[in-house]
Structure formats: C-alpha cells, structure tokens
Amino acid sequence: MTPVTQLSDVTSVPSAGGAPLLEVEDLSVTFTRRGRRDVRAVDGVTFSVRPGETVGLVGESGSGKSVTSLAIMRLLPSRGVQVGGRATFDGMDLLSLPKDSMRDIRGRDMAMVFQDPMSSLNPVLTVGRQITEVLKRHRGMQGDQARDEAVTLLSRVGIPDPARRFREYPHQLSGGMRQRALIAISLACKPRLLIADEPTTALDVTIQAQILELLKELVVDSGTSLIMITHDLGVVAGLCDSVNVMYSGRIVETASRYELFGHPRHPYTAGLLGSVPRLDAERGQPLQPIPGSPTDTLPWAHACAFQPRCANRVDRCASETPLLERDPDRRDPIGGPHWLRCFNPVTGDTPVTPPGAELVAPGGDALDPAAEQVGEGDQ
Amino acid sequence: MSLSLAEADTTALETEPDEAAGGLWSDAFKRLRRNPAAIVGALLVLLFLAVAIFAPLLAPYDPAAQVGFGDIRPSYVPGPSSQHWLGLDTLGRDELSRIIYGARQSLIVAVVSVSIAGVVGSLLGLLAGAFGGWVDNLVMRVVDIMLAVPGLLFAIGVAAMLGQSLKSVMIAIATVNVPIFARLLRGSMLANRGADYVLAARSLGVRRKDITLGHVVPNSVSPVIVQGTLTLATAVVDAAGLSFLGLGSADPSIPEWGRMLTEMQDALSYAPHLALFPGLGIVLSALGFTLLGEAMREAIDPKFRR
Chain A
-5 MTPVTQLSDV TSVPSAGGAP LLEVEDLSVT FTRRGRRDVR AVDGVTFSVR
45 PGETVGLVGE SGSGKSVTSL AIMRLLPSRG VQVGGRATFD GMDLLSLPKD
95 SMRDIRGRDM AMVFQDPMSS LNPVLTVGRQ ITEVLKRHRG MQGDQARDEA
145 VTLLSRVGIP DPARRFREYP HQLSGGMRQR ALIAISLACK PRLLIADEPT
195 TALDVTIQAQ ILELLKELVV DSGTSLIMIT HDLGVVAGLC DSVNVMYSGR
245 IVETASRYEL FGHPRHPYTA GLLGSVPRLD AERGQPLQPI PGSPTDTLPW
295 AHACAFQPRC ANRVDRCASE TPLLERDPDR RDPIGGPHWL RCFNPVTGDT
345 PVTPPGAELV APGGDALDPA AEQVGEGDQ
Chain B
97 MSLSLAEADT TALETEPDEA AGGLWSDAFK RLRRNPAAIV GALLVLLFLA
147 VAIFAPLLAP YDPAAQVGFG DIRPSYVPGP SSQHWLGLDT LGRDELSRII
197 YGARQSLIVA VVSVSIAGVV GSLLGLLAGA FGGWVDNLVM RVVDIMLAVP
247 GLLFAIGVAA MLGQSLKSVM IAIATVNVPI FARLLRGSML ANRGADYVLA
297 ARSLGVRRKD ITLGHVVPNS VSPVIVQGTL TLATAVVDAA GLSFLGLGSA
347 DPSIPEWGRM LTEMQDALSY APHLALFPGL GIVLSALGFT LLGEAMREAI
397 DPKFRR
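Taken in sequence, the protein lines are chains A and B. What the first sequence shows, in my numbering, is residues -5 to 373, in sequence order. What the second sequence shows, in my numbering, is residues 97 to 402, in sequence order.
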C-alpha cells in the first residue's frame, strides 16, 4: 500500500478550524406508531459543518441519512415522529425554533435539493413560477425584477435559452435540466447551507457528472456549505471535504476524505470501498460485496448493528455497544481526528485493497467525479 | 472518455424531450382532439348546447301552441310530415318544437345543479383536504351522511317541502352530487399533499397557504373538472327522471323531456314515436357528456398517456 494521499492539497478543506455553521449533536429520530414497536431511524448522530465545507453523509438505503437531513430541516411529519438532540445553525437551535422562524430560515438560509427531479418540481406550474415564488417569498422581489433574477439563476446553472425555459413546464425539460432548475431554485436566496439528498441518483451517468461538477462549482463560488447525502462513494470522493459513514442510524466512521479513502478503519466503510468497481482492478477480478442486507442488524442498544454482516467481528461485537471514539492509531494531518465506532477495526493490511491512484488524483487536485461516475456506471 | 466528460462545459447537453409542447392543459387538449370518442362527444354536446341556446330561432312553432289541434283524433295523432317533422303530440302541439325547447330545461337544470354541487362540494373538499385533522373528520362525516340518503328519496322530500318546481329538482340534484365532488377533491388533495414537490416547496419555506392553494389545488382540480362533465350527463338523466315522476315544474306550457315521456304514456300504443324522441334527446345529450368526460379523463390522467 503506497500512501498516495496528497497532503499538499489543503485548499480543499477551507477554513479548517473556525466556528461551525451547523452543529448536530446527539440527534435522534424515532418513528412511533400505535401498536407497533418504535423505530429509531437516527440514533445519536453528531457532526458539524463549517462555513464553505462540504460534508458527506454516506450509507446504504435505510441507514438514516435522509431522515437526518429532514430532521435538521424540520420537514418530518409532526405526528408519529420524535426528534431528540440538538441542531444548532448559526447559533440558533433549529429543533426548538418557532415554526414561523423555521419557515423563514428554510429556503433563505438552508435549502435542499432532492433526489428525484422528476417529481420535485410541480408539474402544473411553469419553471419560472416556481423560481419566482422563492424570490418573492424570501427576497421580496416582484414582477419583472423577480423574473430577471430567475432567468439569471437559470442561466447560472447552465440552462441554455433560460428565457424560454422560464416559461416552460417541468415535463418539457429533460431530467438533467430539471435537476439544474431545482438547484437554481434552492440557491435562489444564496443559502449558507445546502443539503443535497442524493441529487444525482435519478439521473443517468453522464448527466450525474455534469450535475456534480455544477454543484461543486456553485458551492465554491458562493461559499455555501454543502451536506452531500449519498450512497455513492464516487460522489464523496469527488466532492466532500469530510465524510460521515452511517450504518443503521448511527455514524460509524468520520474522517476527512483522503483519510477515509486511504485508510478506511470501520469494516463497513472498507466493505463499501471494496464493493466499488475500480478502473485499476485486474480484469475479471470479482467485486467484493458486503454479505447480507441492511435488515440483518442487531439493535445498537447492546451490540454493534453491523456485527451480523461483519467479517472482522469479535465476541464483544454481539454483546457490547461500540462507542464513536477517536481512533488512537490514526492521526489525520488535515481533516482533524478520525472517529470510529468499532472494536476490531480494519488495519492497513486487511484484505480490503485501499483505493489507489484513481481515487486520489496524482496532482492532488480535487478528484474527478466524472471518472468515478463512469466507473460506477460500468457495473 | 471520463476526462473529456469532466472537462466539458457544464452547460446542459441533454436533448430536449418535447419541443413543441405547450402547457399541461394544451397537451391534454391535443390528446383530446386525437380521440374519436371525444370528437363525437363534443359534437353531441355542442349540438345540445346550440339547440338549447337558440331554441327560439330553431323551433318552427310555439311549443305551447296547439297548432295541429284539428288533425288529432282520439287514439290517433298524425306522424312525422313535411309540416311537422316529428309529428304532433296528443294535444296537437309540434313535437319538434317541444323537443327543442325541452333541451333548454335540461341544460338549465344540469348546468345549474352541477355548478352548485361542484362549488359546494369542492369547497367542502378543499376544507377537508387543506386542514385535515378534525376539520377533515367533521366535513367527511357530514358528507357521508349526505351520501347515505338515497338520491330519489331526497329529491321527493325536497319537492314535497319546496313544492313542485324546477328549483326543487335543481336543489335535489345538486345536493345528491355534493358528496361526490367533496370526496374527489379531498382525496386528490390528500394524494398530492404527500408529493415530492410539496416537500420541496416546504423545504423552501413556502407558506402553508401558498402550498395548499398554489401547489396542491392546481394539481388536484383536473379530476373534479372531469367529474363535472360526467355529472352533467347524470344530471340530465336525473332531471328527466324527476320530471317523469312529476316532481319537476308544474307548468305544462314549458316542455320538459321527462314530463313529455310521462304525458305520452297513454299514447304509447298508437304513437310510440312521441316517447322515442324525448328519450333520444335524453340519451344523446347524456351520451355526449359521458363520452367527452371519459375522453377528458383519459387525456388528463397520466396513466392513460401513451
């Protein structure tokens, strides 16, 4: 294993240090339903986002990453859901803020981009109407002023002929164009935090790369912080400064991008990396799947949820809950400490091949999402 | 390949799926025009409307005048002739003129009662769908009670209270149809309230009122419009049925298709055509609305889109 991690690339972690813009502490979400057992979808999640930083939230379906973001935005239904913990945004506790203030913050200071651009735009309203709605709501714009700003926004996200697109309906736009329009809408008020919930999952591979490139560009230009929710490690590799890996509602590993890809410690993270097809892999070499499915879990209360699927499990894993602790064996020179929730972490010599040249570009420059995306698409 | 992709300008390169398409409604209209059933339905409806509106211009005789009184005998009425295209009725009045004027009554009853039902029902549905919770419960229980009363029984009750008149027929038909519209709009709104674009709008801080009226309602009205067209058909039939039972207008000088059927019962053995023509009027106008309504449903409903 050659440590190709480029330490020179400090610019990709802007304002290391500095007060966090969003601090999520011990966030938990429980779905309660009469006659059913409570489901704890998110359990003690803690992470923070600094201004201008891009943070990844990674995990497979059902790991609680989307619920985490909806809880932060206070978009979960009020009935049958209990949210605990704290989410502090710029000094305000989002979870205890009055509804009206929260509504003012949404769209203005924090915005979201959703997974399916097909259904996230209202089919009976023109694209223009849907952008100007936000401009009127939060920036007090009216008539022509709102229209001009909306057209500017559309052109900024790379939509050709924005004046015409302004008048059109969502079904007249292609999938990629719709996602661009949604990004334009969510960035209309220059929010300080953007949450992108699998923004490229519903798009085809070539468009995925374009959208990621666009997001990256906009985020860098405007200094917006970005929470990138995804199950796609390629996206993380290309975009995120630091990464939180979630499993069954809890964060199992947190580290900076290079640290995580270079030295995955949690067996789940290592498994995720091992199951990604790689361009530099030998021909015919099979992918290494993680055995089992996300439903094969133990309750976190007195075990490690990943234990049933884990190749590294030891006796303790089934009887004791691992805590998210600073990894004593790793010191991450750029992105701060490496956090880990595991009794028997993967070491450098484990069967998992660490990611090599294609994940960390030789120039040490930000990773190329297109390369990753295309690699992903080959499956 | 991957490199060139990344280097490519981020401007969208995708092809546009639907170049000449207009809005949602104009698209639906285009699909409607391609459907032969819709054309037939629309023609029948237009014919019905034209006849009803221009009745005084089209009718060759005064529908109340006994123009051919001298030609009728007991148990005999003259059939269709060049003077009276559809013949004379048992009192010597011109059948064609009466059919033409009868269209007016049917149209008025149908349009007025369906409008009332549509407005009241939609308001109730809007209330239930917008607020949910106990408001929804209250409104829907009221609607359930309305639904539980048989329409005909209710109409007879209304006629008994308000007296025989066109007004009581309209009120009866409107009341019977209110629950349909209320349930439809409510259901449609509930379905749309959970839609992704509503969540997206909420994530942008759009106010609840604006989400309901600006996003949910526009997406929910199309089934109501379709139902309105279909209900016009049943309203025409219901109006005729109530008049047939003698619950409609008591004024014999105003021709009404349902009552024309009643009046001609005795003559059925020797002049069946006198029952046939008003019956045809009822069937064709109802058929027109039904065909048009069903075609609209197909044109609007994404499930039917090809």
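It is worth saying that the hints were derived from the structure and are not from the lab. Treat each hint with caution, since some may be false.
To be verified - Straight-line C-alpha distance at most 30 Å; calculated DSS-like pairs for lysine-lysine:
| id | chain 1 | residue 1 | chain 2 | residue 2 |
| --- | --- | --- | --- | --- |
| 1 | A | Lys93 | A | Lys184 |
| 2 | B | Lys126 | A | Lys93 |
| 3 | A | Lys210 | A | Lys130 |
| 4 | A | Lys130 | B | Lys263 |
| 5 | A | Lys184 | A | Lys210 |
| 6 | A | Lys184 | B | Lys305 |
| 7 | A | Lys184 | A | Lys130 |
| 8 | A | Lys93 | A | Lys130 |
As the list claims (entries may be wrong) - Facing chain B, according to a computed beta carbon distance under 10 Å, are these residues of chain A, among others:
| id | residue |
| --- | --- |
| 9 | Pro164 |
| 10 | Ala182 |
| 11 | Val308 |
Positions of the beta carbon are idealized from the N, C-alpha and C atoms, including for glycine.
Each hint tested on the structure:
no.: 1; hint: Lys93(A) - Lys184(A); result: holds (21 Å)
no.: 2; hint: Lys126(B) - Lys93(A); result: violated (44 Å)
no.: 3; hint: Lys210(A) - Lys130(A); result: holds (27 Å)
no.: 4; hint: Lys130(A) - Lys263(B); result: violated (47 Å)
no.: 5; hint: Lys184(A) - Lys210(A); result: holds (15 Å)
no.: 6; hint: Lys184(A) - Lys305(B); result: holds (24 Å)
no.: 7; hint: Lys184(A) - Lys130(A); result: holds (14 Å)
no.: 8; hint: Lys93(A) - Lys130(A); result: holds (20 Å)
no.: 9; hint: Pro164; result: holds (9 Å)
no.: 10; hint: Ala182; result: holds (8 Å)
no.: 11; hint: Val308; result: violated (40 Å)
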